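Input sequences plus hints: build the corresponding full structure.
4 protein chains.
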Amino acid sequence: MGKIKVGIINVTGYAGVELARLLFRHPEVQLRSVTGRSAAGQKLAAVFPHLADFDLTITADLDEPVDVVFSAMPHKASAEAIIPLVNKGVKVIDISADFRLKDSAAYLAWYEFAHPSPGMLKEAVYGLPELHRSAIADARLVANPGCYPTSAILALAPVVKEGLIEPGIIIDSKSGVSGAGRALSLTTHYAEASDNVAAYSLKGHRHLPEITQELGALNTVLQPSVTFLPHLIPMSRGILSSCYAKIKLGKLTNGLKDLRQVYTDFYRNEPFVRITDASPGTKQTWGSNFCLIYPYIDTRTGTIIIISCIDNLVKGAAGQAIQNMNIMFGLGEAAGLEALPVYP
Amino acid sequence: MGKIKVGIINVTGYAGVELARLLFRHPEVQLRSVTGRSAAGQKLAAVFPHLADFDLTITADLDEPVDVVFSAMPHKASAEAIIPLVNKGVKVIDISADFRLKDSAAYLAWYEFAHPSPGMLKEAVYGLPELHRSAIADARLVANPGCYPTSAILALAPVVKEGLIEPGIIIDSKSGVSGAGRALSLTTHYAEASDNVAAYSLKGHRHLPEITQELGALNTVLQPSVTFLPHLIPMSRGILSSCYAKIKLGKLTNGLKDLRQVYTDFYRNEPFVRITDASPGTKQTWGSNFCLIYPYIDTRTGTIIIISCIDNLVKGAAGQAIQNMNIMFGLGEAAGLEALPVYP
Amino acid sequence: MGKIKVGIINVTGYAGVELARLLFRHPEVQLRSVTGRSAAGQKLAAVFPHLADFDLTITADLDEPVDVVFSAMPHKASAEAIIPLVNKGVKVIDISADFRLKDSAAYLAWYEFAHPSPGMLKEAVYGLPELHRSAIADARLVANPGCYPTSAILALAPVVKEGLIEPGIIIDSKSGVSGAGRALSLTTHYAEASDNVAAYSLKGHRHLPEITQELGALNTVLQPSVTFLPHLIPMSRGILSSCYAKIKLGKLTNGLKDLRQVYTDFYRNEPFVRITDASPGTKQTWGSNFCLIYPYIDTRTGTIIIISCIDNLVKGAAGQAIQNMNIMFGLGEAAGLEALPVYP
Amino acid sequence: MGKIKVGIINVTGYAGVELARLLFRHPEVQLRSVTGRSAAGQKLAAVFPHLADFDLTITADLDEPVDVVFSAMPHKASAEAIIPLVNKGVKVIDISADFRLKDSAAYLAWYEFAHPSPGMLKEAVYGLPELHRSAIADARLVANPGCYPTSAILALAPVVKEGLIEPGIIIDSKSGVSGAGRALSLTTHYAEASDNVAAYSLKGHRHLPEITQELGALNTVLQPSVTFLPHLIPMSRGILSSCYAKIKLGKLTNGLKDLRQVYTDFYRNEPFVRITDASPGTKQTWGSNFCLIYPYIDTRTGTIIIISCIDNLVKGAAGQAIQNMNIMFGLGEAAGLEALPVYP
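Residue numbers (our numbering), protein chains in the order written: chain A, 384 to 727; chain B, 384 to 727; chain C, 384 to 727; chain D, 384 to 727.
Derived from the structure by calculation, the hints contain no laboratory data.
Treat the hints with care, as some may be off.
[To be verified] Computed Cβ-Cβ distance ranges for the label pairs, DEER-style:
| # | chain 1 | residue 1 | chain 2 | residue 2 | range |
| --- | --- | --- | --- | --- | --- |
| 1 | A | T440 | B | R408 | 55 to 65 Å |
| 2 | C | K386 | A | R420 | 48 to 58 Å |
| 3 | B | E463 | D | T570 | 24 to 34 Å |
| 4 | C | G715 | B | P467 | 39 to 49 Å |
| 5 | C | A428 | B | E463 | 38 to 48 Å |
| 6 | A | T440 | C | F496 | 30 to 40 Å |
Since we're looking at a predicted model, the values are computed, not measured.
Backbone N, C-alpha and C fix where the C-beta goes; we use that ideal spot for every residue, glycine too.
Rendered as structure tokens:
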């Protein structure tokens, strides 16, 4: 039986090119076709010299039959490109937000377009393997989670599911600049972003509804009320989320010992989640698919502090997408994702 | 009448050398004596080439009569050096933590030493001009606030004083690496600190009791319950604090409009506090004594978000110390602190 | 007698806004008018929050009578804007390259336009005070040097003028990213520029003809043959140039002692040039108008190594322009430029 | 036949821990023993959280029989540790400088110790596979090249060997801060190294004699006269060397076309050397074993400019060491080194 044939739509953004990097070393797939409107006709290696050894030409559209497609298109355009593929029987993993939210009305509110296929929305599986592994295995269409939601949901899922906290949750996230993408902007101009930190999207970041949807589904009684504030900090890769919530009265009576047990139990068999013994840094995930989680209790105030770290382009995008593909095709879940973090 | 004669104890740390930089350009003072045990006998200009034009030799002890001394010693040592100076009639501004806390028992708990002069603790004034200007004017001994407390207290003072929030407060602070000082450590080694972010001092940072003392004194009814988590991010200078609290029922009924009014009223005549119209970045304060504050309301959850930015070495240390000196000596409060932020 | 009235054309680039920062604190000038096509109608403080305290509106064209204009326009457009001003009797300091080269044909070769006023080219003075102070004092039009040429010419002028080296000169320059300007490009996108260094403009950088013109004029016998290679490195500000040349046979027979004497003599009375005792770093110039020069000899190979450091936006642009203005108006040469470097 | 058993002496420096990272993923080896005096008794995963999945304890001395040892000790100590191992029949790859120089007197001059085994010096092979592959295959002891020499020798070997240049060579190298190691120093303190560039070791860097030895051996007629100046720039990983030399009269008469042909011929079958079509950046090598080389000619001055980029910890240290091991054991030369550069 041959290798799985893979295509990438919009390889020219950071998520797309990270997919290419990882897929080139995946032992069981063959990258066959990569698209990118602005760079169509150019060699992939000319646009991205770190991929110099690979002989692929960027095309305007998929030009080879493939078994699975990763879409790294912007939202709305991604849905339009994906729907016919799914209908043709191609498996699809969508890096965009277009199939993450179950409520089609949310797309009008948060993304300002009418969703073209509410039916397919319902069918799509939210691709966080730690929560939805078996549904992913059977899915035709997987909606790969956003980078911030990956870090936040993995941090909070155990305490939310077990009902250990009060509903009020603060998520204070710090992201490296690659999270803002490869498109140019003053915010991501080197001289502006270096030696600087700022919060943004105070009115409401588009990743908030994903977070509330997934945490809400874990515990329909709790009804989490989430304040999520993202910050841009001067590094290329990485997200660290600091999550805060009050302990519910009568819960975690043994304190940190109980809390750590909840986390080690919840993630016992997960290949990419590690409960750490000390406060982790994003550098410990650089280039890898790991999510590090450090649960703590501020006993002075009865507040849970959960810290999580990921590489936003790997576990927060391309790596998780490949993890999903591995599950969909029955491969080893870590295939192609074995690289250790590059330190320092 | 001559210029004010100034001494700096322990000029060789970042706060000390920043004092020297600013004082050299202060129109009404003369820097007469700078000490530093490890560098005693060397020219200040040899140790710090950016001060190359100034002819001062670092000595082991103050070797000139001075009107005012800034102490940038580590805690405990600072108190020991300062007490005799105050008793001799020299005005002192202490950059260390040794006279910030009113409760002498707190020194045993947080700093692990028995405070040598609880009486002088009571006399010392907490040198945050926006809260204690008139007491500073009359003080013999001013305890210069910590960098994190400066950012956090200025962010929260208006809503705490007016009783607009519930007691549970989250302060999530992000600091540049100079805040960890000039002493070497693996945490501040370039290859470790670059491309990295991590939370630290989860067990309780020493700046927490300052924050609770000052916020508590602003509103004895509210009894704030503060969770404070500092993070180290890859930049040299700057602190951004993101502060969260629930709005008290029935308060701020006009929302953001009310909130902004509270802040503009509270800081109406402050030379160094600016209420900004947009989410600020620390780069907008680089090298200056400004504190930028951006008040916001997450209306989805009824949560106040207050963001503040300072340069940790200026408003967070040396600049604020000079502001205090200006007040103590009846000078223009901004004397020597007129420099605009260096951007980009 | 009133303050000098000043205008800035194109305040919205990094050189323009740095001029505004410095001029706001200059004791003898008043900034009256700032232009910027793309931001016309906006408050300067809205576009650049670090200038929040100043009440100026950006206009499309100069809207106030002024005594002197700084032009920070791109080349070609700058000449067009400047020529009528000079003809009207306004003194002009041009930050662009439009009046730096004496040979009008060079504009066609290097900048791809026919120079509109070869006569005014001849009249304009190359604004490097260390070489042309007296001509600057009498000039109507000063051509402010490029950032790389400032660092390279100051490094090499003494040995070239004295004829101590062979003609073959290598200039290897490392620049911070602000040197590439505020206009967006992939090269200056944070995630591309961070953790990266690359050489550029190998075919010939536009600053080369300035360097050869000025070094050539210092010694018409030597006929310097210059290879100049600029590199972009991950910092906001600063240029370090490492300059190499063989010692001419029979020169500098006392080695480094002779060489240092040549430099200290050449720059004896210069307010902004310092000959350092140790290898300098660009951080020692951050935010200041200083140029640090470290002359050295590789005795193994008989090669002179001259290292120079500047802040590319101050001595390499806005600061030097103000230094030129001070000379043109008979002010103290350091007026408005007294700030010490911001370290660390 | 089983896996090759490997030990690392001094795993706690950056070269040592990078070896561990790469060896854990090497398909044909098993890492059995890692030493480190300061951390003896601790779990490797506790000291280096990015290696969390591996269960090895750091010991004071090698505690398992191994087939090959990598020594990442400091110089002098490395020789002392290695000599008995070689004598016992263990193959050794020495990351230190202790067996790189053929002339034992050079150790006194450059490293200030008398070499303990001039005989073994002669036997040791300089481990640059592109120059000494067949000798490496037969070696008992391989001296892994320094990071700067790797970048400089690979850049210059083709033109030196072919005698295309004059003897005077300038090598201007820019290194990321990890090159200075994991030991603490003020130079590598974050707040000092960020936003800064400086040259160092002007009196002569210890990597110079390696460069002259290897270039000299390539062409005994040419007698290269090398000026080598290293610079520290604010990034974690990477070295870019810019190399300059005059073209010898009558050589390269077809200019760049000839020059590129020389390089593509010289490195035709090399798995890790790429001749690039455009000026490369170090980011294109991040985490990988590639060396990128860009040959160019400044036709104005008849100067060759050769630019090379490597990751100093991979091709400049651990990766090259593994490449050498692969050659010594007859494995695929790229085994364990297949990872693509991590971009951005």
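Hints versus structure:
no. : hint                          : result
1   : A/T440 <-> B/R408: 55 to 65 Å : 60 Å, holds
2   : C/K386 <-> A/R420: 48 to 58 Å : 55 Å, holds
3   : B/E463 <-> D/T570: 24 to 34 Å : 32 Å, holds
4   : C/G715 <-> B/P467: 39 to 49 Å : 43 Å, holds
5   : C/A428 <-> B/E463: 38 to 48 Å : 46 Å, holds
6   : A/T440 <-> C/F496: 30 to 40 Å : 37 Å, holds
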